[in-house]
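Student: Given the sequences, and given the hints that come with them, work out the whole structure.
Protein chains: 2
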Amino acid sequence: MSANAPQICKTILAGTIAKGLQAEVNDGLSKLDKKPHLLGILANDDPAAQVYADWTGKTAKDNGFEYTLKTVGKDDVEETIIAANHESSVDGIIVYYPIFNNRQDQYLQQIVDISKDVEGLSHQYIFNMYQNIRFLDDHQMQKSILPCTPLAVIKILEYLHIYNNILPYGNRLFGRTICVVNRSEVVGRPLAALLANDGACVYSVDVTGVQQFTRGEGIRKRKHEVVEKDGWSVEDCAPLCDVVITGVPGDKYKFPNRLLKDGAVCINFSSEKNFTPEVKERASIYVPAIGKVTIVILLRNLLRIVQNKRNAPSALHADLPNGSS
Amino acid sequence: MSANAPQICKTILAGTIAKGLQAEVNDGLSKLDKKPHLLGILANDDPAAQVYADWTGKTAKDNGFEYTLKTVGKDDVEETIIAANHESSVDGIIVYYPIFNNRQDQYLQQIVDISKDVEGLSHQYIFNMYQNIRFLDDHQMQKSILPCTPLAVIKILEYLHIYNNILPYGNRLFGRTICVVNRSEVVGRPLAALLANDGACVYSVDVTGVQQFTRGEGIRKRKHEVVEKDGWSVEDCAPLCDVVITGVPGDKYKFPNRLLKDGAVCINFSSEKNFTPEVKERASIYVPAIGKVTIVILLRNLLRIVQNKRNAPSALHADLPNGSS
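Residue numbers (the numbering used here), protein chains in the order written: chain A, 475 to 799; chain B, 475 to 799.
Simulated from the structure, these hints should not be mistaken for lab results. Please note that a few of the clues may not be correct.
Subject to a maximum C-alpha distance of 30 Å in a straight line, what follows is the list of computed DSS-like cross-link-like pairs (lysine-lysine) [to be verified]:
1) Lys747/A - Lys695/B
2) Lys505/B - Lys493/B
3) Lys695/B - Lys484/A
4) Lys484/B - Lys695/A
5) Lys548/A - Lys766/A
6) Lys484/A - Lys747/B
7) Lys728/A - Lys783/A
8) Lys695/A - Lys728/B
9) Lys617/A - Lys783/A
10) Lys484/B - Lys697/A
11) Lys484/A - Lys617/B
12) Lys697/B - Lys532/B
13) Lys493/B - Lys617/B
14) Lys783/B - Lys505/B
15) Lys535/A - Lys766/A
16) Lys783/B - Lys493/B
17) Lys783/A - Lys509/A
18) Lys532/B - Lys548/B
19) Lys484/B - Lys617/A
20) Lys505/A - Lys548/A
21) Lys747/B - Lys695/A
22) Lys728/A - Lys695/B
23) Lys726/B - Lys484/B
Tutor: Spelled out as structure tokens, the structure:
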């Protein structure tokens, strides 16, 4: 059957989705009087990290941003970040992790000044994300920054019209059931929270079991709550889902195709292919990788940070002759 | 709970949805050199039928169509239709049913010339609808006409983004599960078929039981097939559905709110309210009535019929000096 069946499934590449976001970033950039400057800090011997750093640099420059890469030893990272925090010519900082590959990396993440944190890893940003607080200030002028990979997935879901813009902003996933296979602190758990905060019923799956993230019945709660689904596995929740998002590291894991609801939307954010080619026999839409969207989101975050600086109360004051508001 | 719960549900009125369709009709109309002429035939003492005839006439005239109403006795309807078929100044014919309120009404429906049948009740149109044949001709110049009420529901689902225009035309409901409560030959069954032909999994419910309409696994079939769901009731299928569409006549029937999936989209095409006000506690979108859309669809069908006449091979030939194609 699989060999000859006509393929109804639409495969959509990240590059296609990235284009619209790039146009949005370029438009925002055209309204600034100087190029935002991104500083990369690399303290990692892994050639793959070097490649990723080069790739960020190239994309940044191609899109009209300034980019500098500092290569330093592990023990100099902390001081390099502190210096960059104080360097007024630097608008955003990206540190290429892992460095120590332990909790010291999380310590370093909190060293980056929140006003230069393009990766959205500062505790305040993470707290706002989980709490469904979308602005940094009471006047809603400065948007909180979201971590790049989860936000990339959200932008992909918007592109695919899984977000229904007939519904009010903040509730546009109401009625959608979504499975996220991966519950890492870096991507899977924040992603599940973001989707539930937007109104979805999310099943978050990892080796320890299944958790359900929702805003409660009729999405009446302001932010998501988490319920442990005792005894459930991916077998129980995946067949209920309109969208299945996978992010399992390594090339061993393959999502069992038979668990997909007919016409499900499948998105893989792992660097390995978590779906087999047969996914196309059941899915309506398949997005095999998301990297190209993630990197544009990084630049979008940098732009946001520069815009936030302009919208900050002190900046607004500075624009006024008497400093009054 | 129900009294004080904040309402997340968005109620959308048919008048709002009709506006966009009206604009589309007006645009098509502006490209014609004369006003299309709709003839109404009324042979019904019921004051409600007179009101409906008046309402059609007003909407037609307000939107730039010509409208004439002929009031005749039951036994003159057949001859009146035949005369209208031959009257070149008449572009479309609408007969206000019921007249005999038995199979003779179906006989009369087949008397209307297919080229003037704005209600889409001619056997050829009905056959094309069930067979998922979208054009009258091999060159795909003349679109087949769909019955007004089922098409109105489809246009509402497009407006609500239940049709996903990221997917190819003809497959835009792939992944959607829809419940239609009513399986009349006039609306419920054609609607279930149309939705399944567009890729949905449809549960068609009436007092006799539940039928499932789909294009098979992976929507590989060209048109829908029907499977009897033995032992199933609305209790089994409604909780699986993203969209619930009701059309039960009379004021006794109320759809049981507890069967709705959280965030379902609810549409009622009955002249009575089939949902209780509590629907808003669970639904994401609620469309309480569709009449205003249906009447614009009638005008859209009239426009289509006039466009079909212009696109007919004979008309194309007539435009060419040598009658060659």
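Student: Does Lys697/A lie within 30 Å of Lys484/B when you go C-alpha to C-alpha?
Tutor: Holds, at about 19 Å.
Student: Against the 30 Å threshold, does the CA-CA distance of Lys747/A and Lys695/B hold or violate the hint?
Tutor: Within the cut-off at roughly 29 Å; holds.
Student: If you draw a straight line from the CA of Lys484/A to the CA of Lys747/B, is it 30 Å or shorter?
Tutor: Roughly 39 Å separates the two Cα atoms, so the pair is violated.
Student: Are the Cα positions of Lys697/B and Lys532/B separated by 30 Å at most?
Tutor: Measuring from Cα to Cα gives roughly 38 Å; hence the hint is violated.
Student: Going straight from one Cα to the other, do Lys783/A and Lys509/A come out at no more than 30 Å?
Tutor: The hint holds at about 14 Å.
Student: Is the Cα-Cα distance between Lys728/A and Lys783/A 30 Å or less?
Tutor: Outside the cut-off at roughly 44 Å; violated.
Student: Please verify whether Lys484/A and Lys617/B have alpha carbons no more than 30 Å apart.
Tutor: Satisfied, since the Cα-Cα distance of roughly 26 Å is no more than 30 Å.
Student: Mind checking the alpha carbons of Lys726/B and Lys484/B for me, to see if they're no more than 30 Å apart?
Tutor: holds, 25 Å
Student: Would the pair Lys484/B and Lys617/A pass a check requiring their Cα atoms to be no farther apart than 30 Å?
Tutor: holds, 26 Å
Student: Just to be careful, I want the Cα atoms of Lys783/B and Lys505/B compared with a cutoff of 30 Å; is the pair within it?
Tutor: Answer holds: Lys783/B to Lys505/B is near 14 Å, not above 30 Å.
Student: Quick one, are Lys747/B and Lys695/A close enough, alpha carbons at most 30 Å?
Tutor: Within the cut-off at roughly 29 Å; holds.
Student: Between the alpha carbons of Lys493/B and Lys617/B, is the straight-line distance 30 Å or under?
Tutor: holds, 23 Å
Checked against the numbered hints listed earlier, the structure breaks hints 6, 7, 12, 20; every other hint is satisfied.
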